[in-house]
Amino acid sequence: QKEVEQDPGPLSVPEGAIVSLNCTYSNSAFQYFMWYRQYSRKGPELLMYTYSSGNKEDGRFTAQVDKSSKYISLFIRDSQPSDSATYLCAMRKHGGSQGNLIFGKGTKLSVKP
Amino acid sequence: DAGVIQSPRHEVTEMGQEVTLRCKPISGHNSLFWYRQTMMRGLELLIYFNNNVPIDDSGMPEDRFSAKMPNASFSTLKIQPSEPRDSAVYFCASSLLAGARNEQFFGPGTRLTVL
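For the record, the sequence lines run as chains A and B. In terms of my numbering, the numbers along the first sequence are unbroken and rise by one, the last being 113. In terms of my numbering, the numbers along the second sequence are unbroken and rise by one, the last being 228.
Just chain B, same shape as in the assembly (with noise of 0.2 Å):
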């Protein structure tokens, strides 16, 4: 099982611009999470999909930030414009809908500087 796939692993841009990252969920789940990580305010849910439908985008900081999942394999994230302050590691997580604990898979994470 190839788990949770997250790319690019780093990436590094300049302020005002775009970003995308991309996210493949163990197969068969139907669950996916996109979390935000940083120092001062630890790990964030930002948006969650159940059968590929946007459930909660509660946590996503700004319009500049949107999610999409047009399939139950592939999900993105993007940010635009970007800007320095969305300096984090971004996690991609997915579950099982109908699991007894809805255990959540953490992908290995994207590490985003914004210079």
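So here's chain A without its partners, still in its complex pose (with noise of 0.2 Å):
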């Protein structure tokens, strides 16, 4: 079993609708879970840094952690054709160093107008 598992879509929604991305993963190590943005031919950017459980909110944007079931979620509110990109997750232990960061494969999304 790979540490951080990802569905890599492709994921196809029309402008507006609610997009729910989702990581699941097996160490309970993992304190720090990020979400990274990737659009085509770029690098990934961070979106979204949460540390242990709960929920954080920016924007449009919420990241969930769930620490009990091992998962993690991104939900983009209003989604928007300049949200079509590829979604990774990423986290690592606590006290880990930066380099131990380990990423999901990507969901890719499209959002349609």
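Rather than coming from a laboratory, the hints here were simulated on the basis of the structure. Among these hints, one or two may not hold up.
[What the hints assert, rightly or not] Restraint-style ranges between C-beta atoms, simulated for each label pair:
1) Ser26(A) <-> Gln130(B): 37 to 43 Å
2) Gly54(A) <-> Gly116(B): 29 to 35 Å
3) Glu3(A) <-> Arg122(B): 27 to 33 Å
4) Glu127(B) <-> Tyr51(A): 42 to 48 Å
5) Glu216(B) <-> Asn55(A): 34 to 40 Å
[As the list claims (entries may be wrong)] Cross-link-like lysine-lysine pairs, in silico, DSS-like; alpha carbons within 25 Å at most:
6) Lys112(A) <-> Lys67(A)
7) Lys93(A) <-> Lys56(A)
8) Lys181(B) <-> Lys42(A)
9) Lys2(A) <-> Lys137(B)
10) Lys42(A) <-> Lys108(A)
11) Lys42(A) <-> Lys137(B)
Don't be surprised by glycine CBs; every beta carbon is placed ideally from N, CA and C.
From the two separate chains plus the hints, produce the assembled complex.
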């Protein structure tokens, strides 16, 4: 079993839809959870950052962490065509070096006008 | 701020040739990371440096791969000899070691094709 699992999609939704992206993980030592957004032919950029459990909201984006289920989610409200990208989850242990950042393979999202 | 700079952006070479990828991190950042991204394996960490010192190279696939960071503003990833299975997008990222979020800033990547 891989440490981080993420459905690669692709996921296609109409503009304005609520999008739910998810990752599961197997290592209970993970404490820091991130979502990166990667546009085509670009490098990933940090979108959301969460420590331990709970929710974090930033504009149209909400990140959720459920450590009991080893499950993290990213919700996008009122999705826009500009949200079309690949979304990668990433996580690492507490006290772990930054180098120990484990990425999911990414989910490709397409928002149709 | 120019961000992380990588060169070349695209590289096409033949099997057996030496390939050198270059990276200039964001000024002031003291951690540098090399990643490889493929459809099959996703984004994988190859090696990272703190204050120009290699900390973990366990992700380097084979002895054919080597990385150096001679100073705080420059790093290279070399593949010698290259093989078709090395074809991938190679990303360099940098961050502040003491940053609260330790956010990694990625460069645009080098798309390598080995024929």
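Could you check the structure against the hints above and give me the numbers of any it violates, in ascending order? Going through the list in order, the structure violates hints 5, 6 and 9 and respects the others.
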